[in-house]
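Asker: Protein chains in written order, with the working numbering: chain G, 2 to 479; chain Y, 2 to 479; chain P, 2 to 479; chain W, 2 to 479.
Derived from the structure by calculation, the hints contain no laboratory data.
Check each hint, because a few of them may be wrong.
The list treats identical chains as interchangeable, and a pair is accepted whether it falls inside one copy or across any two copies.
As the list claims (entries may be wrong) - Result set (DMTMM-like, lysine to aspartate or glutamate): computed pairs, CA atoms no more than 25 Å apart in a straight line:
# : residue 1 : residue 2
1 : K392      : D257
2 : K346      : D163
3 : K323      : D237
4 : K173      : D124
5 : K405      : E172
6 : K405      : E209
The model shown is predicted, which means the values in this text are computed figures rather than measured ones.
There are 4 protein chains.
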Amino acid sequence: MALRTAAQFLAGLRDTREVYYRGERVPSVVDHPELGVAARHASIDYEIAENPIFRGLAAHREGSEEYSAYYRVPRTSQDLLSRSKLIEAGTAEGATLVLLIKEIGTDALFALKRVLGRDGYADGIQRVEALYRHCRNNDLSIAVAQTDVKGDRSRRPSEQSDPDMYVRVVEKRVGGIVVSGAKIHTSCTPYVDEVIVLPSRSMGPGDEPWSLAFAIPVATPGLRLYASDYLHGTDDSFTRPISTDHKMVETLTVFDNVFVPWDRVFYVDRPDLAGATALTFVEFHRFTAVSYKLPLLDALVGAAIAIAKANGIDRAGHVRDKLTWLGGYAETVRGLTELAALRCKLENGVAYPDVFTTNMAKWTFARDFHRAIETVQDLAGGLLVTGPGGKDWNSPEVRPVLEKYLSGAWPADRRMAIMNLISDLTTRLYGGYQAVLAVHAEGSIEAEKMAMYRAYDPSRSIALAMRLAGLEIGPAAK
Amino acid sequence: MALRTAAQFLAGLRDTREVYYRGERVPSVVDHPELGVAARHASIDYEIAENPIFRGLAAHREGSEEYSAYYRVPRTSQDLLSRSKLIEAGTAEGATLVLLIKEIGTDALFALKRVLGRDGYADGIQRVEALYRHCRNNDLSIAVAQTDVKGDRSRRPSEQSDPDMYVRVVEKRVGGIVVSGAKIHTSCTPYVDEVIVLPSRSMGPGDEPWSLAFAIPVATPGLRLYASDYLHGTDDSFTRPISTDHKMVETLTVFDNVFVPWDRVFYVDRPDLAGATALTFVEFHRFTAVSYKLPLLDALVGAAIAIAKANGIDRAGHVRDKLTWLGGYAETVRGLTELAALRCKLENGVAYPDVFTTNMAKWTFARDFHRAIETVQDLAGGLLVTGPGGKDWNSPEVRPVLEKYLSGAWPADRRMAIMNLISDLTTRLYGGYQAVLAVHAEGSIEAEKMAMYRAYDPSRSIALAMRLAGLEIGPAAK
Amino acid sequence: MALRTAAQFLAGLRDTREVYYRGERVPSVVDHPELGVAARHASIDYEIAENPIFRGLAAHREGSEEYSAYYRVPRTSQDLLSRSKLIEAGTAEGATLVLLIKEIGTDALFALKRVLGRDGYADGIQRVEALYRHCRNNDLSIAVAQTDVKGDRSRRPSEQSDPDMYVRVVEKRVGGIVVSGAKIHTSCTPYVDEVIVLPSRSMGPGDEPWSLAFAIPVATPGLRLYASDYLHGTDDSFTRPISTDHKMVETLTVFDNVFVPWDRVFYVDRPDLAGATALTFVEFHRFTAVSYKLPLLDALVGAAIAIAKANGIDRAGHVRDKLTWLGGYAETVRGLTELAALRCKLENGVAYPDVFTTNMAKWTFARDFHRAIETVQDLAGGLLVTGPGGKDWNSPEVRPVLEKYLSGAWPADRRMAIMNLISDLTTRLYGGYQAVLAVHAEGSIEAEKMAMYRAYDPSRSIALAMRLAGLEIGPAAK
Amino acid sequence: MALRTAAQFLAGLRDTREVYYRGERVPSVVDHPELGVAARHASIDYEIAENPIFRGLAAHREGSEEYSAYYRVPRTSQDLLSRSKLIEAGTAEGATLVLLIKEIGTDALFALKRVLGRDGYADGIQRVEALYRHCRNNDLSIAVAQTDVKGDRSRRPSEQSDPDMYVRVVEKRVGGIVVSGAKIHTSCTPYVDEVIVLPSRSMGPGDEPWSLAFAIPVATPGLRLYASDYLHGTDDSFTRPISTDHKMVETLTVFDNVFVPWDRVFYVDRPDLAGATALTFVEFHRFTAVSYKLPLLDALVGAAIAIAKANGIDRAGHVRDKLTWLGGYAETVRGLTELAALRCKLENGVAYPDVFTTNMAKWTFARDFHRAIETVQDLAGGLLVTGPGGKDWNSPEVRPVLEKYLSGAWPADRRMAIMNLISDLTTRLYGGYQAVLAVHAEGSIEAEKMAMYRAYDPSRSIALAMRLAGLEIGPAAK
């Protein structure tokens with residue numbers, strides 16, 4: 002089957018899916034004034050593949066077949082670099098907001114392949130492969146529901162007072178299983194075709210019912226999506242040049258006795274696989290993450306340079322110092338992302354980005370993002386939160402006043418365009434969204450640090466220290 | 002005259018003032034759906050003085066007269082501490098948002114007194130004193146318009162291509178002067194009685210027309226206020242527990258050939274006084290600033306502790322580490338603020354907070370505020386930007402689902418109340434507003450550093466270093 | 002009895018004490034080429050009291066008695082401020098190196114008073130009081146041995162494979178107890194009169210033998226002091242203007258079946274008192290610590306200013322930025338120290354510095370000290386570690402070459418004097434000593450954070466957050 | 002000619018060179034108790050090439066010729082990676098101290114090739130080529146004297162009160178030029194064969210006499226080397242496991258009317274080439290720098306891990322956090338160094354490491370080195386500066402006491418070996434040396450930031466920001 006168009010993708014969303022927004026059932030996601038914006042943002046993924054500029058990057062030809070390049074199994078560093086570039090390009094087209102309707106799903110599929118491949122569980126391998134072919138051949142979009150609602154974070158799944166705090170099997174039938182519980186922070190669920198459900202943590206003995214992985218179409222009975230209205234929009238594109246047209250939506254994803262046929266169950270009752278899945282998926286997904294963060298960082302650096310010029314302060318010493326820091330920060334993330342691909346590990350012919358380097362890139366991104374925000378706000382000025390709105394700007398009476406008085410070293414229209422870009426990126430709903438994502442998406446900073454701690458290979462550094470200290474490395478150094 | 006009530010204050014705003022909002026002239030500020038919220042927030046200043054709990058702090062009795070304690074001229078450390086406590090209490094009643102309709106005005110009046118007192122300009126001194134008595138005796142509210150629109154920041158006032166980039170005298174008449182130009186970031190202008198206009202920078206030869214200070218009633222012909230709609234509200238108090246009812250409004254404050262009678266002109270054509278005024282006002286005003294930042298910091302610390310408990314993570318080592326940092330940050334600001342009052346300098350019987358210590362408090366606040374935001378977001382979780390809205394919460398169908406799945410170690414209603422408080426404080430419009438204010442209000446971080454550099458007394462440290470190095474301190478050390 | 006002179010103090014050290022240095026028993030500490038330097042440095046404590054400039058600060062008159070002001074029990078904030086000033090003055094006379102032969106001992110005595118007073122253990126109270134009077138009336142010097150050698154840090158005292166890893170009672174006799182084990186990092190032990198021994202951690206059931214506090218004269222049989230040669234000196238005062246004449250010495254303090262008579266045992270077998278003692282002592286001692294750090298910080302700031310001038314870079318923007326940061330850092334520590342005294346708590350008529358504020362001061366000092374070092378080194382230049390030595394400087398042939406080529410904006414002799422001061426403070430043995438002390442002395446940064454976490458009063462911040470969130474504070478917030 | 006042996010190298014140093022140490026002329030560098038240590042450390046460079054393990058890395062065969070791999074002109078990323086590995090390996094053999102007797106010289110030669118190649122100055126190109134062949138074919142060692150003594154940093158060369166503050170031409174003769182002045186911080190000068198002299202800054206009109214580059218043998222009349230005694234050694238290898246046997250020496254390098262024949266003068270009177278040379282050399286040399294910093298970072302990370310285990314604290318949360326940070330810091334520097342080679346630019350067939358990436362690596366290294374020091378000291382403990390010396394350890398009487406009481410989770414001998422390694426690396430003379438080098442060697446942090454600012458290509462980020470803001474990039478964005 003050929004690649005789908007954006008229109009075909011959107012048409013495919015018109016089904017029986019059960020989505021709620023602001024307390025009400027949504028009859029049609031595509032036609033909804035808010036969710037439709039998100040769906041059309043996501044459809045950029047399909048537009049790119051139609052666009053001659055990006056087609057080489059976005060479409061992959063294998064023999065006579067052509068499919069979305071997201072589904073290409075990476076075999077080399079170059080494949081990983083291409084995947085990273087594709088994600089970066091899609092996000093730049095999405096105006097710094099990731100599209101995320103194939104990236105994350107393929108991350109999950111590649112992760113499941115690896116975990117089940119290592120385990121050798123034949124049924125699971127075959128079912129993952131079947132889903133992969135189904136999605137690839139039909140050019141489908143996929144969400145991944147991983148983070149459970151978790152209840153009391155100090156308790157394990159089986160210790161929770163309500164067993165539904167982690168998604169679980171409530172019944173096994175001949176044809177499949179029945180699952181209940183809820184996931185949270187599930188991105189794009191209302192406007193994708195399939196949802197893959199993965200465990201969110203390591204499990205132990207007693208956690209069997211919560212140790213499962215499966216996939217279902219979004220329009221499956223019992224699956225209820227409660228969409229967040231956090232990015233509820235406005236029509237003021239003057240002050241929100243990005244977020245008026247670009248948004249992503251997360252759901253509380255409730256499984257109310259949802260039936261999943263066996264051919265969609267990758268494994269069940271396998272605490273030993275749960276932690277490996279959670280970890281492997283995140284390892285992959287963080288490479289996606291650092292790839293899609295790059296346009297956001299570029300936009301911040303570029304906007305900082307532009308506003309410094311627009312304000313007439315770009316020659317001041319402290320301004321150059323801040324711009325240098327910003328550029329160094331952004332390019333360290335980019336460099337480490339590139340390096341994670343170059344240092345990839347091959348396993349069963351599949352190239353996996355280097356785990357330590359990927360996490361180092363993500364950690365570098367996450368721990369200084371708020372400082373980057375502060376720096377850009379510092380260069381821009383208080384006008385970020387005291388400036389005029391679109392109705393002022395469009396008023397024939399007020400506009401001349403603003404044009405006269407809000408000019409800097411650049412005319413007011415150009416200066417305010419950059420100012421509002423920064424305001425959208427850093428102070429309004431979209432800014433808050435990106436700030437929280439920096440800290441929490443694809444795992445918290447603490448999770449990244451744990452991943453680094455586990456993945457760090459201390460052999461060279463310990464060997465050197467022991468040699469310099471005149472010591473054998475022997476068992477006591479372990 | 003007695004203290005005014007909140008109702009009297011609001012009634013006083015019904016005059017001919019020329020205010021624009023979203024491109025349209027506002028017939029009545031008090032009755033306007035957005036500006037009215039801001040005016041009522043400001044009126045808390047008057048409510049406090051009526052409240053027996055705060056009256057001792059908010060009202061000052063001098064002989065038979067009673068007036069607002071903001072107008073009390075501080076004579077001792079204790080007076081400054083009381084002033085600081087009053088500002089802190091008002092801001093806490095304002096739900097972390099400063100009221101700022103008397104604080105800033107009295108900062109300006111005390112600063113003018115000092116600058117003109119040092120200079121000995123008798124006319125100016127007398128006019129300031131007259132305005133002070135007028136405002137105090139009639140319990141008036143005051144805005145201060147200081148920051149000019151500035152045009153190209155790399156040029157001085159007289160070098161700008163448009164001379165109106167800094168407010169200036171365009172004509173002198175027998176009865177007064179005529180001024181033109183515009184100020185920006187003027188807080189509360191639409192809903193106060195008077196506005197004091199001060200220079201925003203040092204001036205030199207050639208800058209005479211821009212070197213003036215004066216005051217006028219807001220309802221003066223030619224004064225036009227273009228209010229920012231940045232904090233334009235919503236009615237969703239579930240997700241915005243603070244900002245639904247509390248807002249402050251800034252204006253682009255345009256002077257279109259405004260006539261100012263001589264008895265309201267403090268000085269004109271005095272480049273030598275301009276810089277001193279700008280600096281002295283900011284020195285005072287930063288003491289106000291660090292006082293009003295304290296409830297915001299307390300709210301962040303308290304919310305962080307609460308959400309850590311609500312999520313069930315408060316016993317984790319890294320969580321305690323973060324809470325300790327937050328507490329240490331907030332209390333360092335509080336401690337230095339207190340110390341700035343205790344170390345006050347007396348001049349002509351007036352107590353001025355110590356400049357170095359005040360700036361050190363502000364600098365401490367400003368340079369770590371974004372890190373504080375990051376820390377609180379880290380503890381709270383992604384639900385800050387993926388959670389339900391008020392309409393979800395109020396839906397009888399959806400509410401039970403949310404109550405079941407969004408509980409943590411605390412029930413969902415309590416957990417979400419704290420989560421939304423944090424969201425309002427850090428991720429939504431109000432959060433962005435506070436973040437930018439942290440960096441820019443009352444002067445940028447660079448301005449605070451310059452103030453510290455100037456105010457630092459190096460005599461003890463240089464003397465010690467020279468003695469330890471075996472050197473005389475002589476002229477070469479200067 | 003009157004205050005002793007420095008000569009009397011030094012004469013008092015000539016006794017049977019058992020001190021080892023570089024593997025050899027030291028016959029006379031005072032006459033030893035290295036330990037004698039340290040003893041004479043310590044004797045500055047006595048010189049100060051003889052010096053008219055400092056006598057008012059250093060000597061306290063109570064009725065007809067006069068005694069060292071270190072022994073004055075603080076009753077008010079002013080007493081604590083005076084104590085702090087005395088410590089600061091002594092350290093400045095000691096060229097940034099604390100004297101520490103009465104500060105720490107009185108910290109221990111005041112701490113024991115409080116702990117035993119709360120417990121009501123009459124025998125202990127009386128013995129502490131007796132020791133206090135003995136030391137005060139005879140103007141004695143005191144070391145405090147607290148930190149045990151600890152063995153494996155992951156095990157409690159009773160879990161160690163060798164029970165001597167914490168000092169313990171090995172036998173109880175009619176006349177007293179016999180103790181064994183070792184303390185480490187004990188400052189000044191070789192050249193004081195008495196040593197007070199305190200537990201270094203909280204103890205639990207099973208830890209009784211390790212739960213004791215006592216004091217003995219240094220010249221007690223079985224007490225062996227192994228002095229560190231870390232600060233072993235040179236005679237090159239050109240490159241070490243401070244450390245040629247000023248040093249402090251720490252010992253491994255071994256108790257080899259030392260007999261302690263009952264009147265010197267404050268308590269024994271009291272796990273419940275051990276933790277309280279350890280904590281209370283450190284609370285006091287950190288106030289001493291932040292007081293004695295101030296001259297070190299002043300010296301760094303002063304030297305930084307001087308070297309910037311000497312190099313001719315003091316007008317560069319980044320240099321001013323760095324100097325401002327340094328000054329702000331130093332003055333924040335000073336300000337919080339002052340505030341800890343002003344916020345003192347009275348207990349049984351004794352004034353204790355505020356625990357949270359004291360720890361905040363120490364934490365502020367410790368976590369940025371290395372950055373301060375970096376900043377000063379940055380301003381000074383590579384000459385810190387590539388410059389000439391004293392023999393070059395004193396060579397008639399080489400000196401003119403150095404004077405010609407090592408001049409900057411200041412002549413070479415003045416520039417090199419400051420350069421070497423900075424080198425001694427930051428790059429040589431003394432610099433390393435101060436850097437490690439910043440991190441570890443009086444407790445590590447982690448210990449300071451734990452103390453802050455425990456001492457923080459969250460009631461105001463939680464109350465505000467709960468009110469803003471519309472919640473009752475009820476039990477769930479606890 | 003074949004590669005020389007270490008013995009041949011050392012024998013070659015026995016000539017008429019004029020070296021001073023501690024005020025006295027040194028008759029033979031190799032036989033000098035201090036300088037000899039440094040010379041033997043440097044000779045590791047030659048030993049490596051004799052060692053079969055390293056020979057493949059250290060020796061390069063080109064046709065029938067074999068020469069030191071330092072002299073290989075890099076043509077590809079792989080060549081640069083090999084060069085980096087060679088530098089890293091040499092430094093690891095040098096126990097974290099770079100050898101620097103060929104690295105820096107070839108950096109200078111490659112830089113001169115590029116600068117003169119761009120300029121097309123045929124005489125200069127030919128002379129550089131001749132020197133390159135001479136050094137390569139005779140396997141010579143080279144120092145580079147770049148940093149001038151500079152006098153008052155706020156003045157240019159021609160503005161100094163003494164014209165010798167920058168090295169300059171004082172006379173031109175038929176056979177060559179005569180130069181005077183002095184350089185500072187010249188590494189390894191006393192024990193290399195040749196010294197290349199480069200300008201240290203950009204020059205302008207009027208600076209002609211100071212705008213020159215040349216090379217001379219160290220044993221040239223009038224060249225006087227005043228060696229710093231900063232790293233003057235001790236024989237206590239217990240407490241200084243590295244620095245007892247490894248040291249580098251810097252000189253004040255004085256040119257007292259030194260005659261340089263024309264074939265050793267690369268250019269003279271060329272202000273236009275001076276800045277380009279200074280910059281290009283430093284660009285190359287920083288790639289050397291980040292390569293040789295890696296073993297130092299590895300040693301810190303390895304020692305930190307080892308001491309955490311030795312102390313028994315490696316399972317504590319805050320310890321893991323600190324180790325993770327250390328590892329992330331070290332590996333970011335390593336990753337960016339690798340990337341600088343992978344992103345090399347080809348010019349005239351020569352591969353130059355990417356300037357922005359190289360500087361980013363160096364900047365990353367430099368701005369967190371002191372924090373790394375602090376972290377390692379934090380994990381190690383106060384014993385770094387209060388522990389026993391070698392004479393204690395070697396005393397039959399004291400040793401058993403130390404073995405008993407200084408054990409941790411590791412026995413005392415192993416624990417103290419790591420402790421002393423850390424003490425040598427961070428607190429003693431060698432530690433101070435490395436700390437200052439981190440800030441100043443190969444340019445200060447400010448210099449690295451300036452290099453980053455200049456080398457940053459803003460086109461992608463500005464283009465994205467302008468597009469998102471709806472603006473053309475036109476001239477106003479420039």
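Asker: If a hint holds in the structure, say so; if it does not, say that too.
Answerer: Hint check results:
| no. | hint | in the structure |
| --- | --- | --- |
| 1 | K392 x D257 | between (45 Å within a copy, 22 Å between copies) |
| 2 | K346 x D163 | neither (41 Å within a copy, 47 Å between copies) |
| 3 | K323 x D237 | neither (30 Å within a copy, 38 Å between copies) |
| 4 | K173 x D124 | within (17 Å within a copy, 72 Å between copies) |
| 5 | K405 x E172 | between (70 Å within a copy, 21 Å between copies) |
| 6 | K405 x E209 | between (68 Å within a copy, 22 Å between copies) |
Of the hints listed earlier, those the structure fails to meet are numbers 2, 3, in rising order.
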